[in-house]
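Peer 1: Residue numbers (the working numbering), protein chains in the order written: chain A, 1406 to 1673; chain B, 1406 to 1673.
Source of the hints: derived by calculation from the structure; they are not laboratory data. A hint or two may mislead.
Copies of the same chain look alike in the list, so a pair counts if it fits in one copy or across any two.
Unchecked claim - Derived PhoX-like pairs (lysine-lysine); straight-line CA-CA distance at most 20 Å:
hint: 1; residue 1: K1527; residue 2: K1575
hint: 2; residue 1: K1608; residue 2: K1533
hint: 3; residue 1: K1533; residue 2: K1488
hint: 4; residue 1: K1609; residue 2: K1575
hint: 5; residue 1: K1533; residue 2: K1417
hint: 6; residue 1: K1433; residue 2: K1533
hint: 7; residue 1: K1527; residue 2: K1488
hint: 8; residue 1: K1609; residue 2: K1533
hint: 9; residue 1: K1432; residue 2: K1609
hint: 10; residue 1: K1575; residue 2: K1417
hint: 11; residue 1: K1433; residue 2: K1527
hint: 12; residue 1: K1609; residue 2: K1417
hint: 13; residue 1: K1533; residue 2: K1432
hint: 14; residue 1: K1433; residue 2: K1575
hint: 15; residue 1: K1432; residue 2: K1527
There are 2 protein chains.
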Amino acid sequence: MSDSAAAALRSKPDSSIARTVGAVVEKKAGALVSMGNTGACVAASTLGLGTLPGIRRPGIAVTFDLTGRPVTMLDMGANSAPKPEHLYQYGVMGSVFAQDCLVQGAEHPRVGLLNIGEEAGKGTGLLKEALPLFQGSSLNFVGNVEPGDIFENTADVVVTDGFTGNVVLKLMEGLAGFLLQLVMRELASHDVRWGPEALAKLKKSIDYAEYGGALLLGVTGVVVIGHGRSDETAVSNALRQAARALDAGILAEIGRDLGRAQPERTDA
Amino acid sequence: MSDSAAAALRSKPDSSIARTVGAVVEKKAGALVSMGNTGACVAASTLGLGTLPGIRRPGIAVTFDLTGRPVTMLDMGANSAPKPEHLYQYGVMGSVFAQDCLVQGAEHPRVGLLNIGEEAGKGTGLLKEALPLFQGSSLNFVGNVEPGDIFENTADVVVTDGFTGNVVLKLMEGLAGFLLQLVMRELASHDVRWGPEALAKLKKSIDYAEYGGALLLGVTGVVVIGHGRSDETAVSNALRQAARALDAGILAEIGRDLGRAQPERTDA
């Protein structure tokens, strides 16, 4: 969370996001669903709800439904400078989420670490330090995965730092929009007719908001952050996602799995 | 360059890449063009040719022609852990390349720094430290740019670290291939006919190899690295790219601009 976000929040205790967090704290609401500013929502939730025992930094989990089998990626932008153990905790939380909170939940989800090559020596210092934490855990860890693997269904959960994750998210949005425009122009120039509903279907297939928005994992509460451009379907999907996470008891599951996956922890 | 690449190189002094580097060193060849392994080519070129005066780490520059005006990005994978001054040097080298070595060269190219927001406080520590180096230089610096800006023509040169750059490159390849497959399936299901040449045209518009491959900037020689899957057009484009870089005298230009853009340097 940035300092400016925290400062803005303190100066506006009556903002809609601060009041919604308050409703969760006072148990008037079971979950928080916001289509507002992501940074403000992360800041307000982290400050107001606190983090789960043992969790240092919350992460934003986004689920893509590209191949007919969903892929959950995290962190997509909550924390640009994570430590290796934060990445490991994202793996645990993402694994719980992928197993218990998705319509097509995976049994013992395959967890991968986003890298620029499969070999152990690849990538940043952060990734080299995080790798043994995953390898030594009880997660169903499948090793380093490459960006193209998101479209190949080689992992159910893909862990990355918040900077890279946010680049991935924004690049996918930008490239998809660009390519679909190109396709439409190309079709028009060939006098090929193609209905707007087919285009909408394509757009939806890469739009994570259609799958229920983003979950902020690691705070003491269920928080779903939708896209600012969400339509009514995306909003109702986000509400449904929040309800599924509540029903699954995701907070308790994460706490249990954090303890199990890394037995030496005593504070989880 | 990874240790394993350097070791592999030393153990194989007669490999085709080592001999091609040798031909450039002995001035039997003016430039090196390879469609082989990128890591091996970077390692062989860096070891064999050395770096330009003042340049610490070479960077891989890739040019996309998406909007009718080319965008050059670097580093796309030579150096996963650059320092702020390396990023700055990528900006200078990318600027020279975009001005002098492209068919549609830009006058005083606009240089942006890839980030997850336009504000100065955004992103990693590396980016926060690199920002003032760009701001205090004579580059035509347009500030932080976001991943979606690659498709919006807001900068001619986009600077990033080699890890993020390589993620961007591989994600673009993966997503483009995935989306085009989706489009073809969707078209077929609507009984819409669309020729393979239209598909090929679309593929080419996002394929950097079609624009002449990747240039390794910062070594004492002209080095072009093509995609392993290059067809004859891509190979001839890569050769043409190498010839243009030679004709433009890119090595001398980079040396001059490094001195000019950062006047306090004495070793350039």
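Peer 1: Hints first: check each against the structure and report whether it holds.
Peer 2: Verification of the supplied hints:
1. Only between protomers do K1527 and K1575 lie at most 20 Å apart by alpha-carbon distance; the minimum there is 15 Å, versus 24 Å within a single protomer.
2. In this assembly of identical chains, K1608 and K1533 lie within 20 Å of each other by CA distance neither inside one copy nor across copies; the values are 35 Å within and 34 Å between.
3. Both within a single protomer and between protomers do K1533 and K1488 lie at most 20 Å apart by alpha-carbon distance, with minima of 11 Å and 18 Å respectively.
4. For the identical chains of this complex, K1609 and K1575 are intra-copy neighbours only, at 15 Å inside a copy versus 22 Å across copies, given an alpha-carbon limit of 20 Å.
5. When the C-alpha separation of K1533 and K1417 is checked against a cutoff of 20 Å, the pair qualifies neither within a copy, at 41 Å, nor between copies, at 27 Å.
6. In the homo-oligomer, the alpha carbons of K1433 and K1533 never lie at most 20 Å apart, since the shortest distance is 44 Å inside one protomer and 41 Å across protomers.
7. For the identical chains of this complex, K1527 and K1488 are neighbours both inside a copy (17 Å) and across copies (18 Å), given an alpha-carbon limit of 20 Å.
8. For the homomeric pair K1609 and K1533, neither the shortest alpha-carbon distance inside one copy (35 Å) nor that between copies (35 Å) is at most 20 Å.
9. Neither within a single protomer nor between protomers do K1432 and K1609 lie at most 20 Å apart by alpha-carbon distance, with minima of 34 Å and 55 Å respectively.
10. Within a single copy, K1575 and K1417 get their C-alpha atoms no closer than 29 Å, and across copies no closer than 42 Å, so neither meets the 20 Å cut-off.
11. For a Cα distance limit of 20 Å, the shortest separation of K1433 from K1527 qualifies neither inside one copy, at 48 Å, nor across copies, at 35 Å.
12. With identical chains, the CA atoms of K1609 and K1417 are never at most 20 Å apart, being 35 Å at best within one copy and 50 Å at best between copies.
13. For the identical chains of this complex, K1533 and K1432 are neighbours neither inside a copy (41 Å) nor across copies (40 Å), given an alpha-carbon limit of 20 Å.
14. Taking the shortest Cα distances, K1433 and K1575 never come within 20 Å of each other, neither inside one copy (34 Å) nor across copies (45 Å).
15. In this assembly of identical chains, K1432 and K1527 lie within 20 Å of each other by CA distance neither inside one copy nor across copies; the values are 46 Å within and 34 Å between.
The structure shown violates the earlier hints numbered 2, 5, 6, 8, 9, 10, 11, 12, 13, 14 and 15.
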